[in-house]
Amino acid sequence: MTLLRASIAILLPALLLVVGGTAAGAILTVRMSLHAPGAGAGLFEPGSVSLSSWASMGDAHHRGIVLTTILTGLGVSLLSTAIGALLAMLAAPFAGLRFMGVMVLILAPRLSGVLASLFGLQRLLPRGWIGSLIAETWLLVPYSTLILVIALRGIDPHLVPAARGLGASRWQVLRWIIWPLSLPAVALTLQLGWVWGFGAFLGPLFLGGPDQSTLAVEIHHEAFDLGRWPRAAAEGVVLMVLTASAMAAGSWRPRP
Amino acid sequence: MTNPIIARLSGWFVLILLQIPLVMTFWASFSADSLLTLPTTRWSMRWYVDFINEPQWSRAAFRSLIAACVAAGIAVPLATAAAWSLREWPQRFRYYVLGLLLMPATVSGVALGLGLLQVAYAVGLAGQWPCLIGAHTLLGFPVALLVVRMGFTPSLQELEAAAAGLGAKSSVVAWRITLPLLWPWLVASAVAVFVISLNDAVVAVFVCGPDTETLPVVAWRQLRHSAGPMVAVAGTITMMASLGMMGVTTAGLWFLRFRKQSAGGSL
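Quick mapping for you: the protein sequence lines, in order, are chains Z and H. Under my numbering, the first sequence has 17 at position 17, and the numbering climbs by one with no breaks. With positions in the second sequence counted from 1, the corresponding number in my numbering is that position plus 1000.
Same shape as in the complex, but just chain H (with noise of 0.2 Å):
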C-alpha cells in the first residue's frame, strides 16, 4: 500500500508528536533541582535513590508488581475457558454473550470503580487486597479476551477436529494440540493484563485501601497537588516496567519460534 506522500509526512509528524510527553517525563526524572523547571541541565540520580529509600514508594511499587502478576493469573485462564467455551455457543447467542463478556471495557473508569467499590462494600471487602486483585481481574479480562480469542483459529479447530478424528480424548487434543498452538496468545494476553492493572490509576482510587495503594494511586495524589521529580520517577519506572515486560515476552517468543524453525518444526 503506497500513500500520499502528505499523508505520511503528517504521519510521522503526529508519531514524533505522540513521543514528546514521554521523552519529558523521562527527562525530568533525572533532574537535580527540587522545583521542576524544563529543560534543566542539572542532571542526577537522586530522585531514584529517594524513591528506593522512601518506602512510601516503594512499597506502592512493589504492591503495584504483586497486583498485576495476581491480576494476570487469574485473567487469562478465565479468558482462555470463555474463549473455549464461546466456541461451542450457536452463533446467535454467542454475540450476545461476547458483548456481555465484553462490557467492563465499555463502561467509563470512573462509573467502573464507584460500581466496585460498592460491590467491595457489599461483599466486606473495601479497601482489601482481594477488591483490588478483582477490579485488576475485571479491567483486564475483556482485553485478555480478545487476544486469546485470536488465537483459536480456523486453522486450530481443524487440526483439533483431526486429532479428535484420529481417536485422540479432549483432554489429549486439549494438551497436545491446543495448548502448544495457543501460548504464545496466552503470553500475550498475560503482557497485556499486566501492562493495564500497573498503569491503572483511575479505578485504583476507589478501591484501593491505605494498605493496598499501588504506584499510580500514590503518584496520582501528588500529581493533583504538584507534580514534582519523584512523580516523573514514578512514571518513568512504570514506564519501564511495561515497556521491559513486553520487550522481554516480544524477544523470548521470537527467540522461541526462531529455534522450533531451525530445528524443523513446522508450528
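If we strip away everything but chain Z, and leave its shape as in the complex, we get (with noise of 0.2 Å):
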C-alpha cells in the first residue's frame, strides 16, 4: 500500500501536466466557445453568454468542412496504412546497421522538420484536395511504418521458414502467416491513421484550396485570420468530439 501512495506521489507531475495542458484546456475551449466574440484586444467578451458562434455551426459551409474533415481523414488513414504495411515489410527484414539505415529514411519526414518536407512539397503537388491528402499521408506514414514494423518483428522467425519448407510460395506466406499476424497492428494503424487524419492541418493549409479546409484550418483561420476565437472554440469543441468518436469507435470489438 505504502509502494502504491509512492508511485500516485511521483505520478502527480506528470498528471498535472498532461491533466492542465489538455483537459483544463478542452475545458476552456468549450467556456470560450459559449462567449460573446470580443469587441477589442481581447480574445472574448468577459461575463457575456452567447451561443451566435455555434449558430452557424450547422450551417452547409460547416456541414462541407465536416465532410471533408471525414473524408481526409478516412483517406490518410487508408493511404498511410497501405503505404506504411509496404515500408515495413521492406525493412522489417534487415538487422543491425542496415535496419537502423532503413529505418532513418524512413522516419526521415518526421524526424528531420515538417517545414524542410512542406517545403518540397509544395514544388511537387498539385494544389487541392488530393495534394493536401497526399502531403498529410506523406507527414503520417513514417509512425504508420514504425507500428507495422514493431509488428513485423514481433513475429515469431520460426514461423516463415517452416511455412516455406512445407511447400508455400511467398504470397502464401504473405496472406496466411504474416496477414493475419500483423492484423491487430494493422487496426491500430488504421484507427491512430484516422483519429489524426481528422486533425489534419498542415497538408490542407499548404496544399489545400479554398474549398478543401478541414476545421483544423477552418479553427486556424478563424483563430488568427478572422480574430473569431469564440468561433475557433466551437469549431475546436466540434474536432474534438469527432476525434474521441474516432477513438472510441475504433476500440470498439464486438462481445465474443
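No false leads were slipped in.
Distance windows between CB atoms, simulated: (1) Z/L97 <-> H/W1175: 29 to 37 Å; (2) H/N1053 <-> Z/F99: 38 to 46 Å; (3) Z/P161 <-> H/S1171: 46 to 54 Å; (4) Z/I27 <-> H/Y1096: 17 to 25 Å; (5) Z/H158 <-> H/G1073: 41 to 49 Å; (6) Z/P13 <-> H/S1058: 31 to 39 Å; (7) H/G1165 <-> Z/A248: 39 to 47 Å; (8) Z/S56 <-> H/D1050: 43 to 51 Å; (9) Z/A168 <-> H/F1062: 52 to 60 Å; (10) Z/R98 <-> H/G1099: 32 to 40 Å; (11) H/G1073 <-> Z/F99: 27 to 35 Å; (12) H/R1092 <-> Z/L97: 38 to 46 Å; (13) Z/L71 <-> H/E1158: 47 to 55 Å; (14) H/W1175 <-> Z/F99: 29 to 37 Å.
Covered by chain Z, per the in silico footprint, the following chain H stretches (three or more residues, Cβ under 8 Å): (15) 1016–1022; (16) 1098–1108; (17) 1134–1143; (18) 1194–1204.
By construction, these hints were calculated from the structure, which means they are not laboratory data. Note that the Cβ used here is the ideal one computed from N, Cα and C, for glycine as well.
Join the two chains, each given in its own frame, into one complex according to the hints.
Here it is, written out as C-alpha cells:
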C-alpha cells in the first residue's frame, strides 16, 4: 500500500501536466465557445454568454468542412496504412546497421522537420484536395510504418521458414502467416491514422484549396485571420468530439 | 522474412519518393536566386549568411534550441517517474492511467494549441517562455513515456528484485541497477522530445509571443506568404540539427556499448 501511495505521488507531476494542459484546455475551449466575440483586444467578451458561435455550426459551409475532414481522415488512414505496410515489409527483414539505415530514411520526413518537408511538397504536388491528402499522408507514413515494423518484427521468426519448408509460396506466406499475425497492428494503424487524419492541418493549409478546408484549418483561419476566437473554439469542440468518436469507434470490439 | 519481389520493389520506390521533398529543400537552400526556381544551377551560400546575419532568424533558431533542450530536460524525468509509477499500479487500472497520460498524442495539434493558449491566459503566462516550454513538454511527454517504458523490461525487474532480495535499499537498487540499465532509453527519449520540440510549428503558433517565436513559427509565417530560400535554409538547418542530434546520440550509444563489451561487461 505504501508503494502504491509512493507511485501515485511520483505520478502526480506528470498527471498535472497532462490534465492541466489537455483536459483543462478542452474545458476552457468549451467555455470560450459560449462567449460572445471580443470587441477589443481580448479573445472574447468577458462575462458574456452567447450561443452565436454555435448558431452557424450546422450551415452548409460547416457541413462541407466536416465532410472534408472526415474524408481526409479516412483517406489519410487508408493511404498511410497501405504505404506503411509496404515500407514495413521492406524494413523488417533487415538487421543491425542496415535496419537502422532504412528506418532513418523512413522516419526522415518526421525527424528532419515538417518545414523542410512542406517546402519540398509545395513544389511537387498540385494544390487541391488530392495534394493536401498526399501531403498529410506523407507526414503520417513514418508513424504508420513504425507501428507495423514493430508488429512484423514481433512475429515468431521460425514460422516463415517452417511454412516455406512445407512448400508455401511467398504470396501464401504473406496471405496466411504474416497478414493474420499483423492484423491487430494494421487495425491500430488504421485507427490512429483516422484519428490523426481528422486533425489534418499542415497538408490542407499549405496544399489545399479554399474549398478543401478541414476543421483544423478553419479553426486557424477563424482565430488568426478573422479574430473570431469563440467560433474557432466551437469548431475546436466539434473537432475534439469527432476525434473522440473516432477513438471510441476504433476501440469498439464485438463481444465474443 | 522474404517478401514477394514486387512488394520489395514497391517499398524501395516509395522510400525514394519519401526523400524527394527533403532533397529539394536542401537543394533550394543553396540557390543563388532570390526567386525560387528549381532546378537551380547557380549555387551560393548567401542565404545561410543572411540567416546568420538577420536577427529575426538567428534569434528564433537560438530560441528553438533552448526550448527543445529545456522541454527534453523536463519531459524525460516526468516520463521516467510516470513509467516507474505505472509498474506499481494494479493491472486493471494501469491501462486507464496510461491512456490518460497518452491523451496529448491523440488530440489534434490545433485543438491542443487552442486549449493551451487559454490555459496560458488563465494563469497569466500567454506568450511567455514557461508557456512555450510547458506546451513542448506536453507534446513530447507521451513519446518520452512510451520510449522509457520500453526500457522497463522484465529482466530489469528481475534484477531489481534480486538486488532487493540480497538486502539492497531501494535507493541503491535505483542508483546501481535501474538507472545504469535504463539510461540508453532516457537518452533516446530526450532526443525524441528534442526533435519534437525543434520541429513543432502548429502548437507553437498558438502559444508563442513576439519574444518567444521559434524558428518553425518564423518560417511558418514566411511559408504562408511566399516560400523564399530563407524558408529552405530554416528547413535545412532544422533537418540537420535533428539528424545531427540523432546521429551523435546513436554513435555515442554504440561506442559505449562497444567499449563495455571490449572491457568484458555483460550488460
